[in-house]
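First to last, the protein sequences are chains A and B.
Once you know that position 155 of the first sequence is 155 in the working numbering, the rest is easy, because the numbers rise by one and skip nothing.
Just so we're on the same page, the working numbering is the position in the second sequence counted from 1, plus 1000.
Be aware that one or more of the hints could be misleading.
[As the list claims (entries may be wrong)] Facing chain B, a subset of chain A residues (Cβ under 10 Å, in silico):
id	residue
1	11
2	41
3	64
4	80
5	125
6	162
Don't read these hints as lab results, they were simulated from the structure.
Heads up, the beta-carbon is just placed ideally off N, CA and C, and yes, glycines get one too.
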Amino acid sequence: MSAGRTPSQTVGPFFAIGLPWAEGPYVVPEGTPGAIWLRGTVYDGAGEPVPDALIETWQAGPDGRFSDPRTPGDERDGFRGFGRASAEPAGEFAILTVKPGSVAAADGRYEAPHIDVSVFARGLLKHVITRVYFADEEAANAADPVLSSIDPARRTTLIAIPADDGYAFDVRLQGAGETVFFHV
Amino acid sequence: MSHEATADNVRDAHIDPPYLYPDYVSTRLRAPLQPLVALPSRLTELSGPVFGGSRVGELDNDLTAQHEGESLGQRIIVHGRLLGPEGKPVRRSLVEVWQANAAGRYRHDVDQHPAPLDPNFSGAGRCATDDEGRFRFITIKPGAYPWKNHANAWRPAHIHFSLFGRNFTQRLITQMYFPDDPLFDQDPIFNSIPDPKVRERLISRFDLEHTVPEWALAFEFDIVLGGRDATPLDEDDA
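Based on the sequences and whatever the hints tell you, model everything.
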């Protein structure tokens, strides 16, 4: 077998057979104090919802630490750090989580609270990666090394807006208001 | 600065398919058109969920044994190693698979292909890699199926694979194919990978050595993840 890196292929339209799980959308259990719903819709280049998208999220807890078993104190208080939600059947996704804290960076600065998001779908030959920041973290956002490096005209595509039960964050795969996607 | 492309980005650029590959019609309205912004790996990207075996039930790696009766079709063993970018085994990591049944039909409402469902086959499996990064599934060989991408379009037989690796940057979803499939030439998803030699990495190898006599054929499929290998959390892999 070749030792070279394995290329990506689309998740296809039938991932629901294998990927979603019941507690997937729950980064924290229901009833967790301070829990928020992160809700949004994935849109295509024609402005139509993408009904067969899958969203995954990864984030620090409110203390800025990650739920990783390789660090002490993982899975504290049911915090999983990881979320997975299907946007079937209407292109809408929802993740129950808590707002992350600021994350310390190696250079002594702090990153503003953020959630990494991966979007998979039929027609995406490789998943796209974006970040969710929070509109009510203005000072932290202004100082964030990643966000402040983005073209100001496109920065707003990364900002979640406060909503009734949490925050709203839409993903626009293509065209007007196209979400900023990252190469990691 | 996050706009600087690193050497790794440049080196990797030809491996994955482009987002926009017009022959695969669904990419036309879903492919981002703006260039990606390079995100230097920070703590969020250098950590990631580690499930190990916590999400794996006893029969999850045997897709032929999840129902009362045995699944119909050619019984096969699919096995291989999950390796990190530098070739080291990725241990105790979740591997998820899903596939069509032997008739080329998915157990999904959207699949309207007039081929029979098999009441004894769901088509989903999970396992965790062992200490050498090995995984092993027992399943049936999926059938080819038609789709409406172009006139008389058929997908080559394939099994979908989902891998997490050691951190967020290594996440990979891909498809494993079977040797000598006559449908490769007309499949835009397979051919979206620019380099023909790189496409071959998705073709499993018939493996007589691991074939179980009188029982099941074996296919070997090794997976090498991209992304970043160095993580501050990986002390046991240092």
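Taking the hints in turn, this is what the structure says about them:
1. 11: 5 Å, holds
2. 41: Hint violated; residue 41 of chain A Cβ to chain B Cβ min 14 Å, cut 10 Å.
3. 64: 9 Å, holds
4. 80: It holds, given that the least Cβ distance between residue 80 of chain A and chain B is near 7 Å, below 10 Å.
5. 125: 4 Å, holds
6. 162: 22 Å, violated
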